[in-house]
Amino acid sequence: MSQDRNVPLGFALGLVGIVIFGATLPATVFALEVYGPLFIASARAVVAGVLSLIVLLSHGRTRLFRPSWRLLLAGAMVTFGFPAFSSLGMVSVPASDGGVVLGILPLATAMFAALLTAERPGAVFWAWAVAGSVLVVWFVVGQDGGAVRDFSNPGYLWLLASAVSAALGYVIMAELTRTMPGWEVICRVLIACLPFNLAISWFLWEPEYAFIEPVPALALGYHAVFSMFLGFFAWNAGLALGGIARVGQIQLMQIFVTIGLSVWLLGETVTLRTLIFACAVAATVWFGRRARIG
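Numbering of the sequence shown is given in the UniProt record's numbering, commencing with residue 1 and proceeding in unit increments.
Wrong hints could be hidden among the right ones.
Label-pair restraints from in silico Cβ distances [said to hold, decoys possible]:
1. G122 x F203: 42 to 52 Å
2. P207 x V134: 45 to 55 Å
3. R61 x F203: 22 to 32 Å
4. A123 x E208: 48 to 58 Å
5. S68 x F211: 32 to 42 Å
6. L57 x T269: 42 to 52 Å
7. W264 x E208: 37 to 47 Å
8. C279 x P154: 21 to 31 Å
9. C279 x W126: 38 to 48 Å
10. I276 x S92: 18 to 28 Å
11. P214 x V263: 17 to 27 Å
12. V263 x R178: 37 to 47 Å
Keep in mind that the hints were calculated from the coordinates and are not lab data. Glycine included, every Cβ here is placed at the ideal spot set by N, Cα and C.
Using the sequences and the hints given, assemble the complete structure.
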């Protein structure tokens with residue numbers, strides 16, 4: 001009974017996490033007005049890494065500097081790979097389109113889990129996984145009117161790379177939660193990669209970054225404090241309280257959160273094609289999750 005009473009709180013925290021993650025691409029567009037894409041990726045991880053250091057020390061976790069290869073690989077994927085690739089994609093791709101491409105992330109994560117861990121989903125799951133992957137590739141390759149996209153603009157390919165990077169990182173972090181709480185995993189991942197991200201940020205620093213412009217600076221701060229740090233706390237806590245199977249369904253909303261915020265904050269015009277693909281990708285994720293659970 002006590003576990004059931006935690007389900008509403010789990011859903012609420014899960015929803016908070018998804019809204020935070022869904023706003024990441026629109027925030028990237030604002031940050032790119034001043035900062036370079038690779039600097040955004042490294043700087044946000046530096047700030048989040050310092051916050052993680054404070055959190056672990058305040059909880060008496062003093063064994064901080066023993067990074068394993070799993071921590072380093074997860075960090076490379078989640079703290080630099082995903083934000084770097086997605087920021088490069090946002091240079092030339094509308095945030096609403098980016099939301100559709102990243103909509104495949106739940107299925108991509110499950111696919112990596114099946115390939116790299118003991119999870120063995122059945123044929124029905126794989127059918128939906130393939131269907132979702134085909135839809136995203138179709139969306140990336142095609143354009144309105146049926147024309148094939150000109151890949152002299154690699155933005156969509158960068159977004160695909162960001163989805164693969166995040167999915168691999170999430171699976172490795174999920175394996176690490178077998179030995180420590182989820183909040184501690186993300187903190188240790190960020191700390192393990194802090195020296196690397198600090199060096200990258202220093203190397204990419206430009207003098208004009210010292211002249212703070214409010215909107216891009218706030219967007220970068222959002223990346224660091226919310227997308228890279230607090231969002232994971234809310235999401236992991238929601239999954240723990242409400243159950244992965246139930247709360248995990250909320251992840252379907254992330255596509256639509258990103259599209260809605262892109263229209264509201266950025267004034268983007270969402271095409272009918274984008275909405276159709278968003279709904280189709282969300283449907284494959286929903287059916288795929290049900291197949292895995294069953």
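Results for each hint:
| no. | hint | result |
| --- | --- | --- |
| 1 | G122 x F203: 42 to 52 Å | holds, 47 Å |
| 2 | P207 x V134: 45 to 55 Å | holds, 46 Å |
| 3 | R61 x F203: 22 to 32 Å | holds, 30 Å |
| 4 | A123 x E208: 48 to 58 Å | holds, 55 Å |
| 5 | S68 x F211: 32 to 42 Å | holds, 40 Å |
| 6 | L57 x T269: 42 to 52 Å | holds, 47 Å |
| 7 | W264 x E208: 37 to 47 Å | violated, 29 Å |
| 8 | C279 x P154: 21 to 31 Å | holds, 26 Å |
| 9 | C279 x W126: 38 to 48 Å | violated, 22 Å |
| 10 | I276 x S92: 18 to 28 Å | holds, 22 Å |
| 11 | P214 x V263: 17 to 27 Å | holds, 22 Å |
| 12 | V263 x R178: 37 to 47 Å | holds, 41 Å |
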